[in-house]
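Make the full structure from the sequences, and use the hints.
So you can see what is in the structure, the chains are spelled out below.
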Amino acid sequence: MSWTTKHKPKSVKEFVNQKEAVDIFLKWIKKWKPGDDALLFFGPPGTGKTSLLQAYANEHNIDFIEMNASDWRSAAQIQEVLGQSMLQTSLFRRSKLFLIDEIDGIAGREDLGGVGAIIKIIKETKFPVVLTANNAYDQKLRSLREHCELVQFKKIHVYDIERKLKEICENEGINYDELVLRGLAKISSGDLRAAINDLEAISHGKEKITIEDLDSLGSRERETSIFDIMKIIFKTENILTAKTSINNSDKDPDEIFWWIENNIINEYEKPEEIAKAFDMLSKADLFRSRISSAENWKLKGYMIDMMTGGVAVSKREMYRKFSRYQYPSNIALLGRTKADRKDMKELLGRLSKQFHCSSRKLKTHYLPFIKIMMKNKGTRGQLISSFQLTRDEIDLLK
Amino acid sequence: MDQIVWSEKYRPSKLSDVINQKHVVERLKVFVKEKNIPHMLFAGPAGTGKTTSALALAQELYGKEWRHNVLEKNASDERGIEVIRNDIKNFARTKAMTNVPYRLIILDEADALTNDAQNALRRTMENYANICRFILICNYSSKIIEPIQSRCAVFRFRTLIESDMKKFVERIVECEKLKISEDGIKAVIEISEGDMRKVANLLQASATLKEKITEDAVYDVASKAKPTDVKDMLDLALKGKFVDARKKLQDLILKQGLAGSDIIAEIHRQIYSLDVSEEKKVSLIEKIGEYEFRLSMGGNDLVQLEALLAQFLLFGKK
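Line by line, the protein sequences are chains X and S.
Residue numbers are given in my numbering: position 213 of the first sequence equals residue 213, and the series is strictly consecutive.
Residue numbers are given in my numbering: position 168 of the second sequence equals residue 168, and the series is strictly consecutive.
Be careful, since some hints might not be right.
[To be verified] Derived pair list, reagent style BS3-like, types lysine-lysine, alpha-carbon separation capped at 27 Å:
id : chain 1 : residue 1 : chain 2 : residue 2
1  : X       : LYS353    : S       : LYS64
2  : S       : LYS287    : X       : LYS300
3  : X       : LYS398    : S       : LYS247
4  : X       : LYS338    : X       : LYS31
5  : S       : LYS224    : S       : LYS247
6  : S       : LYS247    : X       : LYS283
7  : X       : LYS270    : S       : LYS210
8  : S       : LYS9      : X       : LYS377
9  : X       : LYS375    : S       : LYS177
10 : S       : LYS210    : S       : LYS179
11 : X       : LYS338    : S       : LYS33
12 : S       : LYS64     : X       : LYS345
13 : S       : LYS177    : X       : LYS377
14 : S       : LYS248    : X       : LYS345
15 : S       : LYS226    : X       : LYS371
16 : S       : LYS255    : X       : LYS371
17 : S       : LYS9      : X       : LYS353
18 : X       : LYS371    : S       : LYS210
19 : X       : LYS375    : S       : LYS210
20 : S       : LYS255    : X       : LYS338
[To be verified] Only some residues are given here: those of chain X computed to face chain S with a beta carbon under 10 Å:
id : residue
21 : ASN248
22 : HIS365
23 : THR390
Note that these hints are calculated values from the structure, not bench results.
Virtual Cβ for every residue (Gly too), placed ideally from N, Cα, C.
Spelled out as structure tokens, the structure:
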């Protein structure tokens, strides 16, 4: 048995790091009932997405069923594999927990039905379902995100990795040099699984590991962190450097696009630069839209050139300053406002029939006036009873 | 139940009450009398009575049972032509319950359909021609493909003239026993730009705020009802405060859920009153047109509008 399997946490308590994610998960699974949203775990490899579920299932003695989405080719196949087991309660009424791994690897585009089939399963399943993705913001998962709560798994801290390695060494009776463990933890860049694999490799058949053993490790191809990519794009004046910066990233160009979009104003200061950089993104965006509408994947190269090189050359000269690059704010905002937007959509949908117009028109032509009318006590009461507004909906009309 | 919102309360339910569009109404009345209607296309600006006429026609044609014989759909709300076709299929399966041999399908905002969707719709119209009649409603008939136009009797609704608008205002004023000044009436008419829906909304919102409706009160409501955020956003960008302007934009799109094309239309309306030279306004209008074009090419609302907003940085006072 490999060490990664042998030393997996047996209960949620043993779980290293990821406190935020663990809290969301525990809260979700306690309250879960059929019809609820699924969870979508995302984050770099080796950060415990699967282990958390295994630990929970083990602790609560429930069936844990794991599947990999990249194996499926069509909607029908997904239905076939999942449909039965998710809809039926098992013979001994044991509860189940489902994991669909690597959802971003799902074959085909949105309209081939793969994503649709997953959404259908989320709506109908009798058991909780968790999805994982390396990149949760993949375009093709757009409609799926509406049915999921997103849970981010962060890279595991060097210190936590070191502690876990120490624990394993003591368990396996291996003498170690503290520096070796720190080195392993550092090389792993936050990937606990990689660190444990490396540890197992260098301690094979040995009782003591030393700093020299580290040299024998082949270097794993490591991704460039998104912050490094930002630094390269915003600081370089060479378009090829800017373009190739994203080659070793675990994030796909669509997500990097939003990182650039959000950080232009953190780097550039002159109005001309800001205007030019956003214009470059606007052009990259047009290529992106042509890629998805005409399925012309060759255009991806142009999109990437415009968003990396184009933005890079929008500055007059490099800023010699430290910029704090931030997580895309629109994605964060979309997450926070999801519930409100859903409520608003429902309200508009209901009212649009009474007003004989589309939701969109209702929003622009009526809503501003209705909001004013709501300020008058008498009219407010009439509107509330006539539209049968709930308390949440009344808040939306403030 | 009584309608609370005046735009619905004062929506005419009889063809003869439809204001202004005599040329249209006369012909529609003949159709009702003969109980024989063709497919129809109603085109014209917002708030001129297209939907109202379609609904009034339905009520006169079918009487009390009209709701059972009419399918009302809005093209811009439906997820795709397939959904619309399915609904139509289900609706058309049962026959009309009156002595009118057709059931009626009203498809509002039909110009929201893509060309492909319109072609699909055309086939549906043909398939059910013996049991269903369509009224398609749109702002511009040019956005409807020719094969559909040629199958329809096309009716153009005219922009309302001032005297017609005044008639409508006075009707509401009388029924609701409003106190309103002459200036107030003028302001309502001016702001509404020929849109009856806006007349009703403006009057009602003003009446809920003020005992007596004056010119000031009307303008006050109009400015409150406008997405002031758009004006603020542009002012911020012109002052060079791009970070704040961008926040406002994200709020409009992501939180309030406004469509990019609606925001860009509002930006266009606001241009004329901005505090920049006339020459700069023209340059800005060119930019607005450019990014609206990119939006129409499938660009992302947020990205394209941000890029436009960034252009405003270049035209502000230093």
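Structure-based check of each hint:
Simply put, X:LYS353 and S:LYS64 have alpha-carbon atoms about 19 Å apart, close enough for the 27 Å limit, and the pair holds. This hinted pair checks out: S:LYS287 and X:LYS300 have alpha carbons roughly 26 Å apart, not beyond 27 Å. Proposed proximity of X:LYS398 and S:LYS247 is supported: the alpha carbons are some 20 Å apart, at most 27 Å. A hinted pair counts as satisfied when its Cα atoms are at most 27 Å apart, and X:LYS338 with X:LYS31 qualifies at roughly 19 Å.
Proposed proximity of S:LYS224 and S:LYS247 is supported: the alpha carbons are some 20 Å apart, at most 27 Å. Our distance criterion of 27 Å between C-alpha atoms is met by S:LYS247 and X:LYS283, whose separation comes to about 22 Å. With a C-alpha separation of about 47 Å, the suggested pair X:LYS270 and S:LYS210 falls outside the 27 Å cut-off, and the hint is violated. Using a Cα cut-off of 27 Å, the hinted pair S:LYS9 and X:LYS377 holds, with the two alpha carbons roughly 20 Å apart.
Distance check on the hinted pair: X:LYS375 and S:LYS177 sit about 21 Å apart at the alpha-carbon level, within 27 Å; holds. A threshold of 27 Å between alpha carbons decides the hint, and for S:LYS210 with S:LYS179 the separation of about 9 Å falls inside it, so the pair holds. For the suggested pair X:LYS338 and S:LYS33, the alpha carbons sit about 51 Å apart, so the restraint of at most 27 Å is broken. Under the criterion of a C-alpha separation no larger than 27 Å, the hint pairing S:LYS64 with X:LYS345 is inconsistent with the structure, at around 31 Å.
Restraint check: the Cα-Cα separation between S:LYS177 and X:LYS377 comes to about 19 Å, which is no more than 27 Å; the hinted pair holds. Among the hinted pairs, S:LYS248 with X:LYS345 is consistent with the structure: their alpha-carbon atoms are about 21 Å apart, no more than 27 Å. A distance of roughly 12 Å separates the Cα atoms of S:LYS226 and X:LYS371; the hinted pair therefore holds under the 27 Å criterion. Our distance criterion of 27 Å between C-alpha atoms is met by S:LYS255 and X:LYS371, whose separation comes to about 16 Å.
As the CA atoms of S:LYS9 and X:LYS353 are separated by approximately 15 Å, the hinted pair is consistent with the 27 Å bound. Only pairs whose Cα atoms come within 27 Å are accepted, and X:LYS371 paired with S:LYS210 is accepted, the gap being roughly 15 Å. Of the supplied pair hints, the one linking X:LYS375 and S:LYS210 holds, its CA atoms being roughly 11 Å apart against a limit of 27 Å. With a C-alpha separation of about 9 Å, the suggested pair S:LYS255 and X:LYS338 falls inside the 27 Å cut-off, and the hint holds.
With its C-beta approaching chain S no nearer than about 25 Å, X:ASN248 sits outside the 10 Å limit, and its interface hint is violated. The restraint placing X:HIS365 at the interface with chain S holds, with a minimum CB-CB distance near 6 Å, inside the 10 Å limit. A least Cβ separation of about 17 Å between X:THR390 and chain S goes past the 10 Å threshold, and the interface hint is therefore violated.
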